[in-house]
Amino acid sequence: MSVAPIGEQAVAPPARTRGITRRQALAAAVATGVGVGVVRLIGGSMQQIATPRRATTTDWISPLKSESARITQLLRRTSFGYTAAHLEAAMSEGFSKTVDRMIETAPAEPPALAAANTPGGRFPIVQLQQWWIDHMLTTPTPFAERMTLFWHGHFTSDYRKAADDTFMYWQNLTWRRMATTDLRSMLMQVTTDPAMLRYLDLATSTGQNPNENYSRELMELFTMGAGNYTEDDVREGAKALAGWQLPQPDSIATVMVDKNNNLTRRLPVFSSQKTGVFNPRRSYRGSITYLGKAGQLDTQGVIDRILAQPATAPFIANKVAQHFVTARPSASYVKSLGDTFRRSKYDIKTLMRAVFTSPEFAADQSYRSLVKTPTEFMVHGARALGLASLSKLIANAGSGMGQSLFDPPDVNGWPNNESWISSNTVVERVNFVTAALAQVKGALPSPADAIHRHLDGVLSPQTAGFLNQAADDRARWFITLASPEFQLK
Amino acid sequence: MKGEVGINQLKRRDFLKAGLVFGAGASGLAAGYAAVPDAFARAVYAAKKEGMTNDNILVMIQLAGGNDGLRTVVPLADPALHDLRPKLAGPMVSQALPLNSQYGLNHNLGGIKGLWDKGKVAIVQGVGYPNPTFSHFESIRIWETGDPSRRQVDGWLGRTLATSYDSNGHPLTGCACGATDAPGALRDLQATLTVIQDQKKFGFTGGGEVEAAVGALYKGTPGIYGALFDTAIATATETMATLRTSASNYQPMADYTDKVKLVYSSKNQLAAALQLAAELIVTGTGVKLLHVTLGGFDTHYTELNRHDDLMGYLDAAVSSFYQDLSAHNMADKVLIATWSEFGRRPKENASGGTDHGAAAPLLLIGDPVYGGLYGEEPSLTSLDNTGNLKYAVDFRSVYQEILSGHLGADAAKILGSSFDRVSFLKAPVTV
Chain Y
1287 MSVAPIGEQA VAPPARTRGI TRRQALAAAV ATGVGVGVVR LIGGSMQQIA TPRRATTTDW
1347 ISPLKSESAR ITQLLRRTSF GYTAAHLEAA MSEGFSKTVD RMIETAPAEP PALAAANTPG
1407 GRFPIVQLQQ WWIDHMLTTP TPFAERMTLF WHGHFTSDYR KAADDTFMYW QNLTWRRMAT
1467 TDLRSMLMQV TTDPAMLRYL DLATSTGQNP NENYSRELME LFTMGAGNYT EDDVREGAKA
1527 LAGWQLPQPD SIATVMVDKN NNLTRRLPVF SSQKTGVFNP RRSYRGSITY LGKAGQLDTQ
1587 GVIDRILAQP ATAPFIANKV AQHFVTARPS ASYVKSLGDT FRRSKYDIKT LMRAVFTSPE
1647 FAADQSYRSL VKTPTEFMVH GARALGLASL SKLIANAGSG MGQSLFDPPD VNGWPNNESW
1707 ISSNTVVERV NFVTAALAQV KGALPSPADA IHRHLDGVLS PQTAGFLNQA ADDRARWFIT
1767 LASPEFQLK
Chain S
8 MKGEVGINQL KRRDFLKAGL VFGAGASGLA AGYAAVPDAF ARAVYAAKKE GMTNDNILVM
68 IQLAGGNDGL RTVVPLADPA LHDLRPKLAG PMVSQALPLN SQYGLNHNLG GIKGLWDKGK
128 VAIVQGVGYP NPTFSHFESI RIWETGDPSR RQVDGWLGRT LATSYDSNGH PLTGCACGAT
188 DAPGALRDLQ ATLTVIQDQK KFGFTGGGEV EAAVGALYKG TPGIYGALFD TAIATATETM
248 ATLRTSASNY QPMADYTDKV KLVYSSKNQL AAALQLAAEL IVTGTGVKLL HVTLGGFDTH
308 YTELNRHDDL MGYLDAAVSS FYQDLSAHNM ADKVLIATWS EFGRRPKENA SGGTDHGAAA
368 PLLLIGDPVY GGLYGEEPSL TSLDNTGNLK YAVDFRSVYQ EILSGHLGAD AAKILGSSFD
428 RVSFLKAPVT V
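For the record, the sequence lines run as chains Y and S.
Residue numbering for the first sequence follows the numbering used here, beginning at 1287 and increasing consecutively.
Residue numbering for the second sequence follows the numbering used here, beginning at 8 and increasing consecutively.
Just so you know, the hints here were simulated from the structure itself, not pulled from any lab data.
Backbone N, C-alpha and C fix where the C-beta goes; we use that ideal spot for every residue, glycine too.
Among these hints, one or two may not hold up.
Here are the computed distance ranges between Cβ atoms for each label pair [unchecked claim]: (1) Y:1539 x S:98: 30 to 38 Å; (2) S:212 x Y:1732: 40 to 48 Å; (3) Y:1551 x S:101: 26 to 34 Å; (4) Y:1372 x S:420: 34 to 42 Å; (5) S:86 x Y:1518: 27 to 35 Å; (6) Y:1518 x S:89: 46 to 54 Å; (7) S:254 x Y:1551: 36 to 44 Å; (8) Y:1540 x S:94: 26 to 34 Å; (9) S:212 x Y:1516: 47 to 55 Å; (10) S:126 x Y:1544: 53 to 61 Å.
Bound-form chain Y, shown alone (with noise of 0.2 Å):
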């Protein structure tokens, strides 16, 4: 089928001939299907419609000569997957168009969540996860989520240590509000952030005895990367962060967590949703010396210390662009995106829109070379299969392949692409599918279309074969959402 043999994989014959070949070729392997089940896929003759010569392919072929490949592509890696009402409004619109109206849209706020009502926080993560989920599921405003998801990745924190899911709520809906406003604002937020003064431990750090962990990860993981300041930056610029703390609750109400001890405890209750707190007399007031210049320093002043530094603007486009572009984006490439995203004051809505519209997102080299995360994976899966009620299923699925939504594995969030990819979670994705599929109780929506929708109709021997001798729409959805064209983006 769509598999360039030796000495092709290069060169993409004109789109629109490849389109109706495939198209052709896919109503033909559909009508073509034998008699087997999803549980017996092997078996039963192979009528495949084009025969590939095997073992001579390296490559998948890039469709991306075609706008709407480029299309498909973009939603893939900015939508979590999409419906086909998603899809045709993005098709009618072009590439350019859909490009500016998913930056330009403001994000959806999704609904509130009553639990975080809850004194100190104390609701079960699995609450906060599947109210989540339900969101990227049926928000109309796709993009901002996939921009929180990569937030929550980058400036990350986890429950167990943040010890109270409302800070965790809290910051979810911050993470959505500024995803695409700018680093700075950004980096304000994040510092003062209840969940992340806690994760880093800044709200208990004091100038005279300063707590350094915000202040490392501030520089290694969050704007700078290693190797780009001392050691001694570390510790002064501890000093100068030194004095936030949590916000005040507006009441405290006392509740029994143990019945049988008759065991109460005193907990938070905020009336809505605050940021930290500056403690002057917490706070350092000498003079200190921070990314090579001596003097008072605040928090605004730190931040604002970091964005003069040369190494943050590439650091952050090299981060976008591994998520979005490619998994090793070439120097020239980042150091543009970099210059593009200082120039405009680190607005991330233009560095977004450069990466987007860079020749490298379009160009063959970039055709799946990126794996979806496991909840893109999961929650594309759905949306494909038109299951707005998965998100139970996809919270707890989330852990096997390595990605629990609120719980990164460390202070680095999650790791992408091919690490995503091992003997473990492998076989959890394919269960997901074999459980996503037991929850659809209906008539299946036409796997045919799916192939072109989801996978460009581009297809590796395998896959292909697979499709050709599967005996019904349900082993045909599992073959196209166990392949390994679906994991791909």
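For this one, chain Y is given, so just place chain S on it according to the hints.
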């Protein structure tokens, strides 16, 4: 056909080597040093020299986040400790389990203390490397690759797999238990290994036919990730077959529980991971190099209780593991070793915790060790210019002894150099 696949995968491997996996330059870390595929181009790895005949096994336990060495092996008689840690020092000294007049184990390491009393625990003090980095991720990389110069990209255990064992078709030779992705220490483009998070759930819910179908579906997948997908699925299905046999032949002879007081972010189920390790060991699956992780050691705040809890958790899991191996008459084959990216700052901070440090002790546990204290405890009054403990033993000296003395591997080849010996093994394979 096999040959063609080989060529195919070799190309991909070259691509990976060119930097996809490990990133490049300043962006290396973010580019995914931490990103670790678990299975690499198996097909290019058919020709392998004779495997080693030695049947010893290594289990590495990573204490992720930076374990506080001073709270693990406590200096009992150094007044400087109380000056540096006014809040933390008192209870940790008074409760410690004395090893001699100078040092004691954390009071929650009672099981390990019992093994110490039987001569089965070697403690190497003051382990570190020159010009330490205080970044978790940089230092983890250094320990994982065994290369403080940060040029090496393969893990030291991965290189051991690649140079000394035939993991082709034997993906359990190297296994990460209790994880979803492979630890960097086990990674090597020429080695195959398995990752199993939870043995009970490790299988296709769709049954054997889905297993076979998915294996075929992923075979020869095109693209830069093709080899990874292909080998991940192949490895998984081979491992499932092995586990079906081993699970029915294994009866745990110790009580493993992960219900010991859990510390936030010690999300790994260490006891369950070690029980899986025990099963793989006692049922003769051919495992050689096992890796498990316990997280939560980044104790920047309220360290007092949290570190004690972690010690208790570690102690319970390791004690059960040793007991189980011993009851199955396998304890003489298995060396258990802890590692952590760094120790912690001797001086405590305002949060009742400690910041990132440098040198720290390593624990080596099992019948193969000759119990006792090795190395040299760094001075609390002669700290380096960052206020941290100076190292006395290069961590690669410990690796070297493990590799040559326990596994019988060519340590100089794997580590790229020779280091001073630390003779903590009872009967080193090669002297």
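Hints and how they fare:
{"no.": "1", "hint": "Y:1539 x S:98: 30 to 38 Å", "verdict": "32 Å, holds"}
{"no.": "2", "hint": "S:212 x Y:1732: 40 to 48 Å", "verdict": "26 Å, violated"}
{"no.": "3", "hint": "Y:1551 x S:101: 26 to 34 Å", "verdict": "29 Å, holds"}
{"no.": "4", "hint": "Y:1372 x S:420: 34 to 42 Å", "verdict": "55 Å, violated"}
{"no.": "5", "hint": "S:86 x Y:1518: 27 to 35 Å", "verdict": "29 Å, holds"}
{"no.": "6", "hint": "Y:1518 x S:89: 46 to 54 Å", "verdict": "27 Å, violated"}
{"no.": "7", "hint": "S:254 x Y:1551: 36 to 44 Å", "verdict": "42 Å, holds"}
{"no.": "8", "hint": "Y:1540 x S:94: 26 to 34 Å", "verdict": "29 Å, holds"}
{"no.": "9", "hint": "S:212 x Y:1516: 47 to 55 Å", "verdict": "52 Å, holds"}
{"no.": "10", "hint": "S:126 x Y:1544: 53 to 61 Å", "verdict": "43 Å, violated"}
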